[in-house]
Amino acid sequence: MITRFLWQGMDRRLRLFVLLVLAIGVLLPLSNQLMPQTSALYVPSWVLQLIGKYLCYASLALAVDLVWGYCGILSLGHAAFFALGGYCMGMYLMRQIGTRGVYGNPLLPDFMVFLNYPALPWFWHGFRYFWFAGPMIVIVPSLLALALGWFAFRSRVTGVYLSIITQAMTYALQLAFFRNDMGLGGNNGLTDFKDILGFSVQADGTRAVLCFASALALAIFLVIAAAVVGSRFGKALTAVRDAESRMRFLGYRVEGYKLFVFVLSAAMAGIAGALYVPQVGIINPSEFAPGNSIEAVLWVAVGGRGTLIGPVLGAFIVNWAKTYLTGALPEVWLFALGGLFIAVTLFLPKGAVGLWEQVSRRRPKRAAA
Amino acid sequence: MNAPRSTSALLYLSGVTVSFDGFKALNNLSLLVEPGEMRAIIGPNGAGKTTMMDVVTGKTRPDTGEVVFDGRADLTKLDETDIATLGIGRKFQKPTVFENHTVRDNLLLALAGLRSWYKLLTAAPTKAESNRLAEILSIIRLEAQQHMLGARLSHGQKQWLEIGMLLAQNPKLLLVDEPVAGMTDVETETTAQVLREVNKSHSVVVVEHDMSFVRALGVKVTVLHEGSMLAEGTLDQVSADPRVVEVYLGR
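Line by line, the protein sequences give chains P and X. Each step along the first sequence adds one to the number in this note's numbering, with nothing skipped, and position 75 is 75. Each step along the second sequence adds one to the number in this note's numbering, with nothing skipped, and position 100 is 1100.
The set of hints was computed from the structure by calculation and includes no laboratory data. Even for Gly, the Cβ is constructed at its ideal location relative to N, Cα and C. Certain hints may be false.
Claimed, not checked - Quick list of simulated restraints, FRET-style, between CB atoms:
id : chain 1 : residue 1 : chain 2 : residue 2 : range
1  : P       : Tyr324    : X       : Arg1141   : 53 to 63 Å
2  : P       : Asp11     : X       : Glu1143   : 22 to 32 Å
3  : X       : Arg1061   : P       : Gly134    : 42 to 52 Å
4  : P       : Ser245    : X       : Leu1149   : 16 to 26 Å
5  : P       : Leu115    : X       : Arg1061   : 11 to 21 Å
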């Protein structure tokens, strides 16, 4: 039954795309590890790190698209789920430092020694073990999504009001995480990581594996998302997006539908954040910044809302442009981002995927004539 | 929950009042619909026809009054989903089909049965479902368009698809709001036929402005005015009633 469930949403194009994602995740790390540095096929470590980051962003974009593109829930707070997954991973990584910290305290991370913590706060217990931290990466963001969604969807908060609530949620979390007495490193967040599962996070080999893991996660999310939207559940989900009250009059309990995708999406975002943190080496409250969530929505819009390939493409296109422009013309970047948003809204309502479909539909006609 | 008054009527409204900012959209309205009956409800604009449907389907809560379905369910305490599950289907004034779904998927979504999200995740199409869909497609005359997106249907076809969705939902009572608004004469004629066919197995309440359509239905008529019942009887009886004439023509 599970195999049938997972295959029901896969069409030929998506299968190829999943293979492409996996190919990137396998070939780039392999070439980084096996090719000599002089070879033309050698992928430098900084490229690998960049691609690994983009792959995590792509998973976040897919998560946003699942709720926005397929269920009409415009979440402007998805970076919060990403950051919470990231903090869970960060807490695990902090506990791996042990006596190698500046203060050499075997139990307390450096910032706690610095802030005169007498003991480890209760919620830090267990994070020393990956078997505990791993599930938390999924559970913490899911629980937040469950609580928020439960109240919001039951009270029928929709549209712009829901967007504002999600935005307020991520902003509130940012302010909370800034506080030193939250016990999560305050302003500086969690950093100076040493090991993950016993391997050095700085080592090229570990980075290669993390890049592969990010690609694998994205591929799995694509298959799950395709199965969900390709099922009869998916038909009902898009119907909720298009005419929610009509679905109620047909006897559907639409809250259940919304809550399921919202929680699923938050879990995906959490895992993406957890893979992101060891690759960038730090997690701090700025990851909760409202702007981050809005940027994720923008990736989806650029790539193509309501498609599965679109958000992945969008995340890569926008972030590549960001990497390039913030290096080459730093003062231009924010204008370019704003301009891109206006251009996509006005001219490409279905994003890059929509544009590609338009072009490929026109071509065979001309060939036939 | 205190047991609502038991009644043989399928739909029982008594003393229902709904006010919006002091304006009484429904004013002490009482109405009985018997099982198997088709009832036409007419009345000038603002008479409370749509508000009445909102109250019955749970969209609007009445300030006072009783609304009982099937002799036992108190509709004033239930929400839209519960009421739909009990067996009341509604067709809106403006056709609201799912525009991004095919005609077949529209009917599939409406089909009585699976509603819970976790069952739909793994639901496979069954033979019984596809037989029922074929049956409905032939009643609403949209077999040829079954794979067309809802958005591409003509106005009349959308109205029929919506009636088909109600059939798929298989409710005990159908509430149909202005089914022939904006239809051609031929489409109006066909719609009257479809509704008579539907009435063979379902009770129906039709709200309509179009008198020739109401005449074609040939059923008992209730006239609403300013939120209350003004007259009830055959179309000929009520159109002979001087109060009805005054409401429609006078002032």
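We went through each hint and held it up to the structure:
no., hint, in the structure
1, P/Tyr324 <-> X/Arg1141: 53 to 63 Å, "holds, 58 Å"
2, P/Asp11 <-> X/Glu1143: 22 to 32 Å, "holds, 26 Å"
3, X/Arg1061 <-> P/Gly134: 42 to 52 Å, "holds, 48 Å"
4, P/Ser245 <-> X/Leu1149: 16 to 26 Å, "holds, 21 Å"
5, P/Leu115 <-> X/Arg1061: 11 to 21 Å, "violated, 54 Å"
Against the hints set out earlier in the document, a violation occurs for number 5 only.
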